[in-house]
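Participant: Sequence:
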Amino acid sequence: MQQLQNYINGQLVAPLAGQYIDNYNPATGQVYSLIPDSDEQDVEQAVQAALAAFPAWSKTPAEKRGQLLMRIADLIDQNLDCLAEAESVDNGKPLKLAKSVDIPRASSNMRFYGTAIQHFASEAHYMEGTEAINYTVRHPHGVAGCISPWNLPLYLFTWKIAPALAAGNCVVAKPSEVTPMTAYLLSELCIEAGLPAGVLNIVHGYGHKVGAAITAHPKVPVISFTGGTKTGRAIAATAAPMFKKLSLELGGKNPNIIFADCDFNNALHTSIHSSFANQGQICLCGSRIFIERPLYEKFRDAFVEKVKAMTVGDPLEEGTKLGAVVSEQHMQKVLSYIELAQQEGGTILTGGHQVQVAGRFAEGWFIAPTIIEGLPYNCRTNTEEIFGPVVTLTPFDTEEEVIQYANCTDYGLSATIWTQNLPRAHRVAHQVHSGIIWINTWLLRDLRTPFGGMKSSGVGREGGFEALRFFTEPQNVCVKL
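Just so you know, we're using this note's numbering here: the sequence shown kicks off at -1 and counts up by one.
Treat the hints as calculated values from the structure; they're not laboratory data.
This list has only true hints and no planted wrong ones.
Simulated restraints, written as ranges between beta carbons of each label pair:
hint	residue 1	residue 2	range
1	447	206	26 to 36 Å
2	80	29	12 to 22 Å
3	194	243	16 to 26 Å
4	478	192	40 to 50 Å
5	471	124	18 to 28 Å
6	447	243	19 to 29 Å
7	478	53	26 to 36 Å
8	29	446	40 to 50 Å
Idealized CB from N, CA, C, for every residue including glycine.
Make the full structure from the sequences, and use the hints.
Facilitator: This is how it looks when you write it as structure tokens:
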């Protein structure tokens, strides 16, 4: 059975304690590889390697740093098929999704920041009448800690490490212990690309051991984390008293608002995708669908019909629409929320159960795409993050009403609005408390734009120059002429 290794100081190494964690294929429910059960000793080794590499890396010209990131992007492109299959097997997502979205986006992340750093400008301010000038320089912090989640493994792993490396930091990174495979394969590509030893270090293991050690390490002054809000609070509790710079991209409970004057076919087709892509395991999925009452029955009936036809099964099969959820524990969590929805008065229109797939997938963790109606807008099912293939349908009558519905949760990551009335689209967008608003589309991303949420959906922004600002420290120099 394959044993993954940590990537520390330019080499693939076993965990110092010699302990490993079972890594499961969600579609079969079987262990198929082992990952390092690392601890604070491995993190210390990685931090020391990063500290040793930092002086040379931070002084490397931005163009050369960018060229190395571009070389890694080229290698990701060249290994698309291998990486996509590894992501599908490790995560349970359909191969088609990994091949068309996850792996290409990982390449784009490296390529984007490989070039963006060459256009990252500082500022100068001339003080009229005083014969003085101020100029601002931005210095890399040193060692950046990057902790990424299991739902979009390589996609979000590179989203963090690319700007950190481009800005001149060295990185100690922890991928999710649930989906470690593509981060391990990336470490092999970094060696092939010639990335200097210690610039990027990847330490595998549990969050309460590796993630906690990275967060608490006094020589790691900046932490970027994507994951659950509960874990984000724990990270903040450790990092805040140490005055660390924090970026937290946390949970979402996103509204999908559909007005009666929408482009019906576009809203219907896209809502199926925004509800169930990656088995609903995307922080941006629209799990609360609010439909203006005159359109409610028409949309509900067409939506249910199309969702009933979705194929759940082998992630590697071309026709599969939904693969397995990521773990047995997560499957049980999602199923418990479906049970809660019924206790809260909801009616299941389709789905609502585990799916038994024949053959070698009999023990896999599959859930039927589930649609629920008849729930109060502010019940637990409608306000707590489920993070699975479960959506609720709720009718509304007025703008004021649906804005109240949309804003009733502790989360504020994204929202989608469907209407042909442009003034209304802007009016509603400005009143919904979400960091990202899509109008008549979903998940259309421009990497130059700020990404992040309001309220309990996070702190700070990723993307574009926002990420490069986060991974650098501004310093003002005033010169009297």
